Amino acid sequence: MSFCVNFPLFCVVACLLCAVISSVLKDKAARLVSMGLTLAVLLCNLFLLIYILQEGSSVTYLMGHYPHPWGNELRISILEPLFCLAFSCVLLLCLLGGRKHIKDDLREEKRNLYYVMADLVLSSLLVLSYTNDIFTGYVFIEICTLSSCGLLMIRQIGRTTLASVRYMIFSLLGSGLFLLGVVVAYSLTGQLLMPSLKASIASIYASGEYRTPLMAAICLITVGLCIKSGLFPFHFWMPDTYGCATPASSGILSGLVSKGYIFFLLKIIFDVFGTEVFYASGMQNVLYAFGACGIVVGSVSALRENDISRMIAYSSAAQIGYIYLGIGISGNLGVIAALYHILTHAMTKPALFLAAARLSDTAGGARRFKDLQGAGWANRTAGAFFTFEAFSMIGLPLTMGFISKYLFALAAFRTGVRMILTLVVLAVSTVLNTLYFARTVIRLYNKQETELRPCPMKKQASYAFAALLLAGVNVGCGVFVRPLLHLLSKGVDLF
Amino acid sequence: MLQNLWDHRIACAAVVLFAIGFATLLLHRNLMKKIIALNIMDTATYLFLTSLGYISNRTASIITDGVTEMERYVNPLPAGLVLTGIVVSVSVTAVLLGLTIRLYQRYHTLNLDEIYMMAQQEQEEDT
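As they're listed, the protein sequences go chains A and V. Counted from 1, the first sequence has number 224 at position 224 by the numbering used here; the numbering is strictly sequential. Every position in the second sequence, counted from 1, becomes a number in the numbering used here once 1000 is added.
No wet-lab data here; the hints were simulated from the structure. Remember, it's a predicted structure, so these values are computed and weren't measured experimentally. Please note that a few of the clues may not be correct.
With the C-beta cut set under 7 Å, the calculated list includes, among others, these residues of chain V facing chain A [said to hold, decoys possible]:
#1 1052
#2 1095
#3 1097
#4 1119
Virtual Cβ for every residue (Gly too), placed ideally from N, Cα, C.
Kindly generate the complete structure, drawing on both the sequences and the hints.
Here it is in structure tokens:
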């Protein structure tokens, strides 16, 4: 079983290889390669998770057996395989569920390139989770940016090109700041591997010297990754980006890519700065404030939007706010809530994008609410899944959304930090969530005179399967909470 | 104070360059200028990183004339990082320029505001 520790490296290399091979394959072959790869990555991470749980301790994997200052390292503890498992699962279901739209939205000769980009996104998500070297992290942040931009601009209409330019500019601003932060940290410590960085930073902090550069490094790295993951006030690229991409891309970008950056940020907070130094810097208060603002502003913008995809995109901005709110509550409980919400959002948002695209197909491609009236009756499968996922976003019991809101409230109670404020923000946002999702669902099931053409069941098999699995995982994790929470809390202890 | 600034003149230059890039990126509406600004920002970071790795009177870390003493050579790691960074920024610039060409072919302008307005109009005409 100890062979399992090689899996992360194998997965990354396989992703890169498959990306190269897919670029010369035909559309269908590329799709099969990509899906097979994602399935293999999923299984590898499952085995790895089981192995680590049996061992009960984290493993540092030396690449090429070169020890500490020379080599590059991967680190495998509980959270890394768990999140890679979730990411690859969602990616697989996005590709499966969005298959029809990938076919319709893209030109035939470009379709295999879509799967190349998907493979590259998967590889960068894996590296961002597993790497133990901050500069490797930077390189794969850039690969992630480029490939997710590829997923976006491959649908060639004017708006996607504009959206990808905006997305690129914001992303590059973020990675520029991140790189500068890494360089400042390197100039202070002379280290790039996370454990040695952490040791040096702890000793620098204890000696009381270089406080300002240390704070600058923390600020730059945190702000850089916040911009990339779309925290308020840097969320303005979101509606355009998620609103006009092909639905599978919207799902991948909102559910996985931005989550990958947040996971990497958490890794840096725990493994590079150490929670003590990070909390002493006061950055968590900034994250808390912007997270809370993001929740309210995102929800209000979603309420004002009358285009279904853009509404879901604004709701993403609000959900990112939740995650940063959790990090800002400072303490392991808050981080556990944030991690759980990453999973919730990764499971829910892609399903919403896919269902919304199906519904707007039944209405002849219209995406305004007034044209979507009654679409839920015309396409019952998509309507039912949309309604379910909307319930999960609102946070009805038996879904993951309920548990994450419960966890945020619990974290606020237990730690007692800004308890009232957190509860008020949660309450306000739940009301707003309910308002805009209930409005959408009611519109979808509102009978009107001009009947919409019902969608034949046969065309939806792969979508229905993907949506069913996403909803199943959602209910499963929402009902059997204890094992997952146990894993997360153990993972945070081992981080 | 002035002595301190002079001692860290390269770091100061890097900060100034970064600020110029950052401000241009946020304030200018012209896409080409934005791309140039991004490159200036990256260059500032590389300048800073290179200056960290340089020690005067030492040479690049390639063994010459069989001399293997460590005191003869500079730290190769920052140079390696800069090279990686340059590769990244070249590819990013290429993608951005490609996107710019596509936008220009469609909207015949490089001003982001104007492009945005036209895209908005297009969307309204569609629906």
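Hint by hint, here is what the structure shows:
1. A hinted interface residue such as residue 1052(V) counts as satisfied when its beta carbon comes closer than 7 Å to some beta carbon of chain A; here the least separation is about 5 Å, so the hint holds.
2. With its C-beta approaching chain A no nearer than about 6 Å, residue 1095(V) sits inside the 7 Å limit, and its interface hint holds.
3. At its closest, the beta carbon of residue 1097(V) sits 11 Å from a beta carbon of chain A; the interface hint therefore is violated under the 7 Å criterion.
4. Residue-level restraint check for residue 1119(V) holds (minimum Cβ-Cβ distance to chain A is 5 Å; threshold 7 Å).
Of the hints listed earlier, the one the structure fails to meet is number 3.
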